[in-house]
Amino acid sequence: MNKKILLVLLTIVMLTNALFMVRALAQDKKDERTTTTRIADLLAQLPARNAAQLERNMKEVADLGEEGYVALISGLTASEKGNNALIEYAVGGFTAYATKTGQQNLRSMAISAYCKALAKLSDKQNKAFIISQFDLVGNDAAVACLTDYLADEQLADEASRALAKIGTSSATNALVSGLSKANGKAKIAIVEALGHTDAKTAATAIAPLATGTDKALTKVSLYALANIGDASAKEILVKAAEQAGYKYDETNAVAALLVYAQKNIATDKTGVETIAKTILEKATADDQVNERIAALKLLSAIQTDQQALLAAMTDKQFEFRAAAVKFAADGVNENNSAAWVSQLKKVDAPTQVSILDMLGNSKAKSALPAVLKLIKSDDEQVKLAAINTAVKLGQEEIIDDLLKLMGKGDTADIAGISNGILRIKGENVATKVGAYLPKAKPEVQVALINILAARAATSQTEVIYAALNSKKPEVRKAAYLSLQHIAVAENKAQLFDLLNKTTDAGELTAVQDAIIASVKGSTDKAAQTNAILQQMSNTPADKKLLFYKVLGSLGGQQSLKSVSEAYATGDDATKKAAIEALSSWSDAGSTDALISIARTTANPDFLNQAIVGYLTLVRNTKYPAEQRLLLLRNAMAVAKTPAQQQQILKDTEQAKCFNAIVFAGQYLDNATLQQAAANAVMNITMAGTYNGDIVKGLLNKTIAVITGGDAGYQKEGMRKYISEMKAGEGFVQVFNGKDLSGWKGLVADPIKRSKMDEKTLTEAQTKADAEAKESWKVINGELQFQSHGNNLATVKKYGDFEMLVDWKIIDDKKGEGDAGIYLRGTPQVQIWDLARTKVGAQVGSGGLYNNQTNESKPLKVADNKLDEWNTFRILMKGDRVTVYLNGQLVTDNVILENYWNRSLPIFAEEQIELQAHGSPVAYRDIYIKEIPRPKPFELSAQEKKEGYKVLFDGTNMHSWTGNTTDYIIEDGNIAIRPKPGKGSGGNLFTKEEFSDFVYRFEFQLTPGANNGLGIRAPLEGDAAYAGMELQILDNDAPIYKDLKVYQYHGSVYGTIPAKRGFLKPTGEWNYEEVIANGSKIKVILNGTVILDGDIEPFKKNGTPDHKEHPGLLRESGHIGFLGHGSPVQFRNIRIKDLSKKAPAQKETDTKATGKKK
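Read in full-length UniProt numbering, the sequence shown has 920 at position 920, and its numbers run on one by one without any break.
Note that these hints are calculated values from the structure, not bench results.
It cannot be assumed that every hint is accurate.
[Claimed, not checked] Distance ranges between label pairs, derived from CB positions:
1) E992 / A119: 53 to 59 angstroms
2) A602 / G506: 30 to 36 angstroms
3) N1077 / D757: 40 to 46 angstroms
4) M756 / A687: 55 to 61 angstroms
5) D710 / G506: 36 to 42 angstroms
6) K408 / D286: 42 to 48 angstroms
7) K1099 / M756: 39 to 45 angstroms
8) A505 / N736: 30 to 36 angstroms
9) T837 / D524: 28 to 34 angstroms
10) D524 / D63: 57 to 63 angstroms
Quick reminder that beta carbons are idealized off the backbone N, C-alpha and C, glycines included.
Please model the complete structure; the sequences and the hints are all you need to start from.
Printed below as a string of structure tokens:
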């Protein structure tokens, strides 16, 4: 299929499935944009991400009107000069949109627009694309403009196909008329198109072309004549097939004759029969079997007595015989099946299989006796086919016959008949099987028990229970194993009795599984659990442990409590059974109990059993990598044997994160665990993108120690990985696990510290360091707060960074667990005990607790319980903070407010602190990776002197409001990267309003970028009209070639045009200065004044774009970046307020407005 037609068809599917209409993206109800701007903005939104957006985009195309749509189409350029993908997408989408029910006006608009556009376009490829739209949207209105292209060899194919799709008499006449004027490929295209018209006039015109010397033209002419099917072509087609020797040749004459015959089978049965018999007579070679099969199919459609098909059973080729059976299938019934049954005795085994399959679908029950006999065939395929056919024809009626055959059969017979019985429907099947089972031989009994189990035949419970007492071990085993398949809640009493009486281990397991099955699927797990516990209470002590596995299948706290208590108070056998149950728990709810056992038991067997069960549950449960690692580290802390430790390291490979690499790397020097550790380090690292000295060092160490048959390839792969690593030191360990190196005591807050002289600060720091040594202790590699004292801070200050830290609240039984991590000296990423609901701790850790304007609570609860380790991954870029707790996102790119002075932005660089809050807490594995960023922008000395103020220095958006979600800080820049289908990206405004000012900034465009600088604008409405918009635009983009002069970069939109030619190439940074002073507006771009105008005349006389611009009358307002769906970046933004004398910049120590925890 033509790829462009496919595009249109796919678009139809999207449009048809649109669930709702969405509001247009206009910032104001009245669209004041020019057609060119509307087209450019529309194309910037494509391709659509979903059906709803596509529906909206197509409405915008419709709103352009016919001339606007022609203008859009006219933007198509030659392929070597540009990319037409977006315009083609828009056109294909609108074609589909215009063909929907009720869109006749749009259909007419599309046809007219396409005809006009064809006259304007010069590139043949683009013309072909537009012509292809008529395949879907065309009607008689398009015939005239399509006719012009029938003689064009490059466009005749598309034009002919479109006319054929239109299919009216006018379209057909145009094709016939065009045939005489076309040559070469154009003529072939027209003939092929006429072949789809069913027009006799077309057959007359094509006939002379079918006997020429041009093989390609002959081939398509024969095909067209055949497809039209007019009787006048019969002689031509027969003669061509004869000349080809009834073999396939380059003209496809035989195929054409067969198409003609099929076309005329309803109106000329005699003629078609003659054609079919002729082919059967002439096409006798082995390689002509396909021609004979096609002819036989024609005969089978004409002759109702199936004699030709029955006669085919003597043919030498199996393919022909099999085809005959296939053609007979629809016509075989109870009345005529005997003829086919008689063939079963005469044909070979493969054909017998074909006939049996056909009889099975015929519902001819009279064939059953013969079919049943063939179940005894020596040929396995015939035997299986006979069983299948017998089942299809006889169903319940043949159960007795099958059971008798089964009783006398060998192993293969038993298996085949068992499978057949399983496919028989009806209530009596289980009854008859159950009745036959006791008297059958053991091998058959086993098969019948399995049948009852597979059918979940609860009605035959007594038969199964009787078989439990069989003296034949195989029968007894099958009966016990079947219990779980026939068990229902009503059987529990019998099953409980079996559990108390049975002594064989395998049989006990089967009974347990049956009880589990009897309670499975219950919606009331609590009731089922109570029933099991009640039964346990009435069971002898030595049998109680048999119920633990059942409780494990139910799960839940009640079951967990019972099994855990049993372990705590029971003997060794009870403990063993309890651990087994906990290890097979229905969910991961028992992991805490298992690790608790592993931490406390002195029995090595119980320890191993608990660790194996714990690891199995962890392995089979979906966890984030960080949480999985924490669980595995719990196991490693109690593991005693190399086998246990090796399994933990192997499982660590599934916890793919930096912490896991470091954890595994600790064992590279352990001779017993070295290879498991090396494989973990290698496989985790190679599966991700890591860098830095720590990872590089561990990889080099792995290269040195790894062994095995693939070690050479593995080492080569790791060396390549190292060579391609991103530069940088990566994560750095900031707590060494031994002492407080790199840490210091806390002195006041950042603002107060900044005001201290060197001597005062040094004295205070010395005192704080001494206190810190008493409050913070390194114990077993952990940094533990001793419940008294102050925060502990890094010696180093950090700007943008990624931090990894493990923490746990130590349960001191006081219920006051509380801590946190200060970022850049500012509180805080919250840590606390979830039980402290009176202070709101139930929301979980990881939120920015002291925020007042921006979100302070985490997205979800992801904490582990008290005394268990947690992992934070904290990213801070600019003033935004993202937090992952145990691998789950809990804070998503939220601005951290300056707690110490909320009128100031967050500090660009400061220390990181571990909070002291009066309760014991421990930290370990603290790593920080600094994220490179440009140095914060500072005013020049001259700008400071002149009274400029920084609005954006690359570190925060404190001075901005509006869409602070999509406008983000990226490498020290404000970046807007709208997502397709998610709108324009919105606007970002200054919090303050300005009247007269000098505004300086830098910007970077992407190809086709469109943004704007709004000035004196309100926060609501379309800033281009409600305020003023100074265009920010990629002037040279082809989609903007037809804009009005007042729409290009630097222009006061719709009002005063700017000079062009002074933008730097896309991707490079431009410097711009905007001066607004009363009615005078000046724009200086890269050192050149591109606009110097006065808006005063336009207030009185109107604007060149003839739109309403009430914003021209505003004397002040916000300054903002106005998104239009394009990626753009801005940096180094400062302003000088001309309306008032700039106050001297002074940092004040405003008291905090919130209460720090």
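Tested hints:
The given range of 53 to 59 angstroms is respected by E992 and A119, whose C-beta atoms sit roughly 55 angstroms from each other. The beta-carbon spacing between A602 and G506, approximately 31 angstroms, falls within the hinted interval of 30 to 36 angstroms. Between N1077 and D757 the C-beta distance comes to about 44 angstroms, which sits within the given range of 40 to 46 angstroms. For M756 and A687, the Cβ-Cβ distance of about 49 angstroms falls outside the hinted range of 55 to 61 angstroms, so the restraint is violated.
For D710 paired with G506, a C-beta distance near 41 angstroms keeps the hint of 36 to 42 angstroms intact. At roughly 43 angstroms, the beta carbons of K408 and D286 sit within the given window of 42 to 48 angstroms. For the hinted restraint 39 to 45 angstroms between K1099 and M756, the CB-CB distance of approximately 56 angstroms leaves it violated. Taking the beta carbon of each, A505 and N736 are about 53 angstroms apart, not inside 30 to 36 angstroms as hinted.
Checked against the hint of 28 to 34 angstroms, the pair T837 and D524 passes, with Cβ atoms roughly 29 angstroms apart. Hint check: D524 to D63, Cβ distance near 59 angstroms, so the stated range 57 to 63 angstroms holds.
Checked against the numbered hints above, the structure violates hints 4, 7 and 8; every other hint is satisfied.
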